[in-house]
Amino acid sequence: MNLGVQMGGEELSLEKVSAFFGKKEIVKSVSFDVANREVMALIGPSGCGKSTLLRCINRLHEETPGAWVRGRIQLKNLDIYGPAVDPVEIRSHIGMVFQKPNPFPGFSIFENVVAGLTIRGVRKRSYLADVAERSLRAAALWDEVKDILKAPGLSLSGGQQQRLCIARAIAVNPSLLLMDEPTSALDPISTAKIEELLFDLKKNVTILIVTHNLQQAARISDQVAFMYLGDLVEVGSTAQIFTKPTNVQTENYITGRFG
Amino acid sequence: MARDQLHQSHFRRRKLKNLWMQFLMTLATVIAIGPLLMVFFHIVALGLPSLNFSFFTELPAPTGEVGGGMGNAILGSLVMIAMASLICIPVGIGAGVFLAEFPRGSIPRTLRLVIDLLASLPSIVVGLYVYAVLVVPMKSFSAWAGTWALGILMVPIVVKTTEEVLRLLPFHYREAGLALGLSRWRVICSIVLRSRRKAILTGIFLALARIAGETAPLLITAFGNRNWPSGLGEPMASLPVQIYNYAISPFEDWHRQAWAGAFTLVSLVFALNLISRALMTSGGTRGGELGG
Ligand SMILES: Nc1ncnc2c1ncn2[C@@H]1O[C@H](COP(=O)(O)OP(=O)(O)OP(=O)(O)O)[C@@H](O)[C@H]1O
Ligand SMILES: [Mg+2]
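So the protein sequences, as listed, match chains A and B.
When we follow this note's numbering, the leftmost residue of the first sequence carries the number 9, and every step to the right adds one.
When we follow this note's numbering, the leftmost residue of the second sequence carries the number 143, and every step to the right adds one.
No wet-lab data here; the hints were simulated from the structure.
Treat the hints loosely; a few may be bogus.
What the simulated footprint calls covered on chain B by chain A, stretch by stretch (three residues with Cβ under 8 Å from a Cβ of chain A suffice, anywhere in the stretch; the number is not a length) [said to hold, decoys possible]:
| id | segment |
| --- | --- |
| 1 | 312-321 |
| 2 | 337-351 |
Partial selection, computed: residues in chain B whose CB lies under 7 Å from chain A [claimed, not checked]:
| id | residue |
| --- | --- |
| 3 | Leu324 |
| 4 | Ser332 |
| 5 | Ile333 |
For glycine and all other residues, C-beta sits at the position ideal for the given N, C-alpha and C.
Looking at chain A on its own, in the form it has when it is part of the complex (with noise of 0.2 Å):
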């Protein structure tokens, strides 16, 4: 499939996107778009279908027993719900970091870096050694890690595992960053190290991160969209929201009136 980079285009272009459980939809026929090395955020009350939403972009949501989607979403140029499509192959052009750090079992901090890459048979030392560093700098790691590289991913620090699982996650290369409340279990130091690292990060990659921390949400965003009981209620340019926005659900949230 051709995936070539167009500087500046759009990334991910979601039409009319509907999740559902079942018969329960959860996420309602949702349309937005994210520019080329971006970050967008997604913010909303708990249970507002953002992790489902996230899920349905790297066609994690089908998963589940009994849930399906409705509507297209494209990366690039590519229709990921086109029927030619192999689910397998579009979730290694997006990487996604889940909420709670999870470094895999029983791999050491170096196999857990590279695992994308092992795991389909990559073998090349050299290369996987350069994959390694390069990730694990990306993710702002590699100075606490590169004399441990053998030590269980497990044994690290809550912070430290969820920048390895970002280095995982970045080391298969992907165009396109998921992140669902990547920060929401850690200390202020360790969310503010991976603020940090995105700014870095954006250089290369698109982000679309979930996040519960407006202040967040404010910091590291270029747009912002909001839901809202599985609705996209407003979606607009970070400055534009959090200083008017023209939804006023949007502004009860974001003011903190509820949610």
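With chain A held as given, fit chain B with the ligands onto it using these hints.
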């Protein structure tokens, strides 16, 4: 003031109650472990003095003569256990993976029921079954028959432990693998199985320890042999059966050897248990329960 005193007397009463409970629990522990220790000391006291090098390397002495060993029985046991493992461990792990990773539907449900039934079969019944379907048609006791009997006893243990330890791995690790663009199959082989490998090994060692001492099913399948193992089609000696035969014999020297055999068997089972324990506790990661 009065309230303070009340508080104190209440505190003292609680402390006494706590002590009394501690005493009861210690007592229960002693009652539970006591007989076990007695058996253990008995075996060591009677078995250890009868052990010597030739016990492990020599054939049984002709009836009535002093000396000889159980070399053939030890080897026979190892051969049959190894053969059973070779066949049953892959099958057992495969079925365990299937049950853990594809738990829904009628096929897994049926399989689980069959495995549970199999696990609860008394070993003599398994022996009897193998006797009927292998020994009788072949008109001979054989190591093959013994191997199958041990294998049938082993499979459900391996299946169940594999399924259980894989289920202990939270689903989000599998999702993390899928999100990396790995196929379900690769996630299972390279992440799920790999991250639980020590726990699976633990289960295997426990299964080995469980079948190593099986006597009844071997008695009517592999039967026993006074010579070195010569082929899987022949009757084959095994440690538990040899112990049984010697123990019920009228000869003093054979009784001594039976104790030596018992000691060897207990040591073997003990060692297997120790190995599985060591595997279980090694790992040293945070998230302890997933140290495997
Ligand atoms: N497996 C499932 N089956 C049925 N309903 C589900 C399932 N998973 C989630 N839901 C429902 O989907 C809705 C949206 O869940 P989702 O996790 O997407 O919310 P969220 O916006 O990410 O919330 P949070 O901020 O708390 O993470 C919830 O109401 C939840 O009850
Ligand atoms: Mg969520």
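Hints, one by one, checked against the model:
1. 312-321: Holds, because 7 residues of the segment 312-321 of chain B bring their Cβ atoms closer than 8 Å to Cβ atoms of chain A.
2. 337-351: holds (count 4)
3. Leu324: At about 5 Å, which falls below the 7 Å cut-off, the nearest Cβ of chain A leaves the hint on Leu324/B intact, so it holds.
4. Ser332: 4 Å, holds
5. Ile333: Ile333/B check passes; min Cβ-Cβ to chain A is 6 Å, inside 7 Å.
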